[in-house]
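Dock chain to chain to rebuild the complex, using the hints, since each chain is given by itself in its own frame.
Protein sequence lines, in the order shown, are assigned to chains V and S. At position 67 of the first sequence the residue is numbered 66 (numbering that gives the first Met the number 0), and the sequence of numbers has no breaks. At position 289 of the second sequence the residue is numbered 288 (numbering that gives the first Met the number 0), and the sequence of numbers has no breaks.
Careful: at least some of the hints might be erroneous.
Quick list of in silico lysine-lysine cross-link-like pairs, DSSO-like style, CA-CA up to 27 Å [what the hints assert, rightly or not]: (1) S:Lys-216 to V:Lys-51; (2) S:Lys-94 to S:Lys-53; (3) S:Lys-216 to S:Lys-53; (4) S:Lys-53 to S:Lys-188; (5) S:Lys-94 to S:Lys-188; (6) V:Lys-75 to S:Lys-113; (7) S:Lys-113 to S:Lys-94; (8) V:Lys-48 to S:Lys-90; (9) S:Lys-113 to S:Lys-90.
These aren't lab readings, by the way, just hints derived from the structure by calculation.
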Amino acid sequence: MSSFLTCLTVFVLVLTVGFTAPSHADMLVIESNVPEYPAGTHLPDDVEKWLKLPANCFIRVLILPSNVTRIFEGPKLQRPKGGTRGINRSEC
Amino acid sequence: MTFTNVWFARLYVLAVLAGFFALTLLLHLPHGPQHWSADWTTAHFSPRPETQDKRIALVLVSDATLSAANIPYLSPIDRGLLARVVHTVDKAGAKVIGLDIILDRYTEPDKDEKLRQAIQTANAAVVVATIDETSSGLRVQSDFFLSNSDSRRPDVGHAYFDEHHSPTQVSDHVVRFIAEPSKTNPDRKSFAETLAQAAGEQFRPASHHISWLLSPKNGTENFLTLSAEDVLGLGPVSLPIDDLLRNKIVIIGGNFDDRDQHLTPLSVGVDRHFTGAFIHAQILAQLLDHRSIRELGLFTQGLMALIAALTGYWLGQRSEHYHLWLELATVAGFVIIGILSFKFLHVLFPYNAILIACLSGVTVGHYARTKKVVPQKTSPTLDAI
Chain V
0 MSSFLTCLTV
10 FVLVLTVGFT
20 APSHADMLVI
30 ESNVPEYPAG
40 THLPDDVEKW
50 LKLPANCFIR
60 VLILPSNVTR
70 IFEGPKLQRP
80 KGGTRGINRS
90 EC
Chain S
0 MTFTNVWFAR
10 LYVLAVLAGF
20 FALTLLLHLP
30 HGPQHWSADW
40 TTAHFSPRPE
50 TQDKRIALVL
60 VSDATLSAAN
70 IPYLSPIDRG
80 LLARVVHTVD
90 KAGAKVIGLD
100 IILDRYTEPD
110 KDEKLRQAIQ
120 TANAAVVVAT
130 IDETSSGLRV
140 QSDFFLSNSD
150 SRRPDVGHAY
160 FDEHHSPTQV
170 SDHVVRFIAE
180 PSKTNPDRKS
190 FAETLAQAAG
200 EQFRPASHHI
210 SWLLSPKNGT
220 ENFLTLSAED
230 VLGLGPVSLP
240 IDDLLRNKIV
250 IIGGNFDDRD
260 QHLTPLSVGV
270 DRHFTGAFIH
280 AQILAQLLDH
290 RSIRELGLFT
300 QGLMALIAAL
310 TGYWLGQRSE
320 HYHLWLELAT
330 VAGFVIIGIL
340 SFKFLHVLFP
350 YNAILIACLS
360 GVTVGHYART
370 KKVVPQKTSP
380 TLDAI
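Chain S with its partners taken away, still in its complex shape (with noise of 0.2 Å):
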């Protein structure tokens, strides 16, 4: 194809690029600010602690502690064995405890009343994990569990991770943020905010992206982890719980193969799933130190891919034929830029949309330039012709 108007050329190139943009992101909409490279950077470049957190522990229940317990059933979990669980924990002197598992239907009558009171009359501040409620269904957690009584009543935070789930987008199943409260209960925070609260800490972070912790560099884990059997003295050690759980924010949650195991940045790679226990435990040692993940406002981000398009439209004015391996060095650029700013800044560089720009202007650049006309050389032979 021919033009004999540069203006009508640069058309056309825009006309292909938009329809080349618009049919990638039908196909695949990016989740975020970022795209792949920033949960390999968050797998590689989050803070690495030098040791354990002192001050969270995770007491789990799993299919060992109901085996240990002659208990012959799964779901729900026995609450006469949790009430015995907050209590043990309680009583060894914990400052908070978390309950990390949904109490939304009645079970043992006797059981579940053992439960309630285990959770109100805990001298440990009491933070109950909840899912939201249908105003016709049944409203176990609300009319009984946490019900006002004679005693406290426990505080509550909502339970659920925020998959980014949308119409338009492949949700994979990946949790990176602290999920907002739903509309159905806007003043209900999440479990880490509230057990944080709790604890007496009101830090807010700046997004709601999750700032995760690698494992310690001495080799141990994140939190100190033990098995509820072995709290409540029916596994085959003794160990000193006092001394393990005093003064600690312990959250108590399940760790079965089949039910909330979670897939998060650190692990999607290796495809390994954590308990929800140990996500809400992440949130709240960032609430803790006071880490924040930042991401970029609408008006700085549209200024970065204006400076990056007009950028691009400048080397691809003067790439000559080197035009692909100037968008492979750009690509590799934002990505290193990118790594930079999420390990030095804790800020998410919005690759997405700067990369768009920049290899927009340097397609339209390179493609634009307005060729030299070079004078023919006129040969006398045919000139006599």
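Pulled out of the complex, with its shape left as it was, chain V reads as follows (with noise of 0.2 Å):
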């Protein structure tokens, strides 16, 4: 009777936890200007709470298996006073 219920309690959390676990995604980088993360790294999905980019700096990732594209972006630099051009996107 023990183990019936042992056995059950073992089924009822892998139930459990297979529902409620989240499902992790893989993050590939496709674009960067970061040396630190150049295209090919696949990055944690967390990766959004504890990174930091300098001005300028940008990395286009592609999540999969969902097939999407997400941009990761430090913050702007000024676009140059008088002249035509904007900031060169490979710079960081």
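Structure (structure tokens):
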């Protein structure tokens, strides 16, 4: 009887954990001007909690398996006065 | 100044008001039915989708693409490279391909021919963004890239945006409208409208105001955005391009620091520029979603202005010395009404007309009050004198 209860408890626990555990997404860096995170790097899905990028830096990631893109950016720099060009995207 | 006649006093107030408003309008005419609050409202109260749009993707050619493909020049963008991008996107199974790159001059003949073949033999419906051509100048678009041949002729949409240029107004170069066709090509619709038609969507929005989408709630970008070098397999990552682009409307455009970058109401407050491809994608999403921003008709606006003027007059008559507070409360109230009508009715509240009418009414009502004659007490001392 006790083994049955143990099995039942484990079964319920497995089901509960299976339904409530967050699904982990894979974030693949596909575009970046940050030397520490070049294209091809995999980032954990809690990256938004700790990633702080310097000004004009950006990382574009492809989130798998949902196949959507997301961009993380540092603060924007002012466009150069008197020029017609914006900020060079490769500068970080 | 003292007035012996009440009607002369009222005329005087009206003349001052007319002069004040004429001066204001001459200094800076409003760009539309709303003033600055329209951009602010758009940037904060536009619809925010749950996640990224699954129907539209952007493939952007940038300096990094040219570098990865060992192309030493930027402009015109290498036609051989563009042909490869179009071919790869088509092979991935895109439903519609939009080429948001102007093809208004010849480059290297063999590469021009490759691009022409790519856009005329693609399995997907292809829409090419064009600019108007002068009758005397080069007609490379119509005579070469879009010319009739044995292959299928691509659809054509005009590439320009409406930034509200007028000789009497200072343009702020902010894209707010879906541009109307030019007079030289009245049948040519905008690039995004032509893309929507190619995807089987015939929706016509109620006005030419763009109905923008804010960034999705889950933090993703509005549209799947890929670098052209990754699509071509020239980048450091290998992407499942077929899975990413199959059955999508794919807009191929440029992402360069010095061209095709625009301010929008979403970004004018922070001076952020968006690519033309992104703006076309926003308009396309609006058409696919059947979203519209509505403007009230002239009659309705006139009626509302009349009611506002009469209400203002009534309030002004009773405002005593709280005139300034009344005007401030009126302005705040109209801003709130503008937000609510935008958020829930998708209607642009005609702020400028209503406010001018109401404040005119308040001012006229306040200064044209007939003062009660208070009988003067007579002093017995003075009487005796």
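Results of checking the hints against the structure:
no.	hint	in the structure
1	S:Lys-216 to V:Lys-51	holds (20 Å)
2	S:Lys-94 to S:Lys-53	holds (12 Å)
3	S:Lys-216 to S:Lys-53	holds (15 Å)
4	S:Lys-53 to S:Lys-188	holds (24 Å)
5	S:Lys-94 to S:Lys-188	holds (20 Å)
6	V:Lys-75 to S:Lys-113	violated (39 Å)
7	S:Lys-113 to S:Lys-94	holds (21 Å)
8	V:Lys-48 to S:Lys-90	violated (38 Å)
9	S:Lys-113 to S:Lys-90	holds (16 Å)
Hint violations for this structure: numbers 6, 8, all remaining hints satisfied.
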